[in-house]
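K.L.:
Sequence:
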Amino acid sequence: MSISYLTSAAMIAVGHDLLTNPSKLSVLERDALTTAYIEPLRAVQKELVVLTTDDGEVKARLQDVSEELASQDQIHDRLARGIFRGLECAADLAATPEEAEPYVRVRELLFPDALAINALGYMEQGGNVLAVTSRATPAVREVLRSVCVGAHTLEEAFDAWVANGEAMSARVAERAALSGDEDDTRVSAGDLHQARLRWMRVVKALVAALDMLDVDEDERRRLLATLHEAEIRATKAREIEVAGREKGQEEPEVPEVGGDVEEPV
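Count the sequence shown with numbering that gives the first Met the number 0 and you get residues 0 to 264, in order.
No lab work stands behind these hints, which were simulated from the structure alone. Take these hints with a grain of salt, some might be off.
[Said to hold, decoys possible] Derived pair list, reagent style EDC-like, types lysine to aspartate or glutamate, alpha-carbon separation capped at 16 Å: (1) K23 with E216; (2) K58 with D190; (3) K23 with D215; (4) K23 with D217; (5) K45 with D16; (6) K45 with D190; (7) K23 with E38; (8) K203 with E87; (9) K58 with E173; (10) K23 with E173.
[Unchecked claim] Label pairs and their in silico Cβ distance ranges: (11) R60 with N20: 29 to 37 Å; (12) E67 with D215: 43 to 51 Å; (13) G120 with I231: 41 to 49 Å.
Backbone N, C-alpha and C define an ideal beta-carbon position, used for all residues, glycine too.
Full structure from sequences and hints, please.
P.N.:
Next up, the structure:
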């Protein structure tokens with residue numbers, strides 16, 4: 000069994016049990032050696048609760064942003080195809096090459112790589128649209144305005160394309176901020192990982208301190224019952240997860256577990 004397999008929620012439950020159960024807390028307060036770990040555990044417990052809550056909120060927002068980007072990507076591709084093909088259609092239907100020239104010129108100006116832009120990533124698509132905006136001179140807009148497909152002109156479609164591109168760029172920037180560690184005011188995966196490590200070190204030190212004291216075996220068992228149950232559950236879940244990975248791999252690989260926090264207590 001390994002304490003490192005515990006989920007953050009399980010760690011919070013174990014810490015809460017040790018700190019709020021009167022009979023268990025009285026055992027810890029009986030000797031200065033174990034009493035010394037009560038406040039460190041209480042501090043890291045509080046930190047873990049806050050970070051776990053914040054981390055859940057960040058993950059939820061990341062999911063929302065991902066869904067928004069997927070929707071905006073579809074809008075980007077649809078409008079790009081419509082504008083490109085509308086200009087292409089206008090050029091093909093022109094009576095002379097001279098009449099077709101403005102549509103061909105604007106199409107090549109706005110879509111130098113044709114519809115290959117639809118294969119770009121979210122960041123590149125948004126950036127490309129913003130770059131193309133500067134090419135929309137009054138003359139270019141006049142050409143777009145002259146082509147009407149259904150109830151809308153290509154100028155209206157172009158403006159919608161630009162607005163969608165700006166929204167994409169904003170969501171890409173937000174996703175990067177949520178995923179990265181640059182913002183010290185926001186919880187990151189690294190923050191939560193470090194809090195988990197501190198919690199494990201405090202609990203392991205507390206258990207080691209109990210081993211140094213003359214604590215009745217039955218009393219020790221009751222004191223650490225929640226921790227041991229959490230370890231058993233976490234270890235079983237880990238074994239199921241590893242077995243599932245091995246089943247889907249020709250050459251099974253069991254992920255390595257970190258060094259100084261993996262020992263069972």
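K.L.:
Each hint needs a verdict: does it hold in this structure or not?
P.N.:
Consistency of the hints with the structure:
1. K23 with E216: 14 Å, holds
2. K58 with D190: 14 Å, holds
3. K23 with D215: Satisfied, since the Cα-Cα distance of roughly 13 Å is no more than 16 Å.
4. K23 with D217: Holds - the C-alpha atoms of D217 and K23 are around 12 Å apart, at most 16 Å.
5. K45 with D16: At roughly 13 Å apart (the allowed maximum being 16 Å), D16 and K45 satisfy the hint.
6. K45 with D190: 13 Å, holds
7. K23 with E38: Holds, at roughly 15 Å.
8. K203 with E87: 70 Å, violated
9. K58 with E173: Given that 16 Å is the threshold and the Cα spacing comes to 12 Å, the pair holds.
10. K23 with E173: 45 Å, violated
11. R60 with N20: 29 to 37 Å: 35 Å, holds
12. E67 with D215: 43 to 51 Å: 58 Å, violated
13. G120 with I231: 41 to 49 Å: 44 Å, holds
Comparing the model with each numbered hint stated earlier shows that hints 8, 10 and 12 do not hold.
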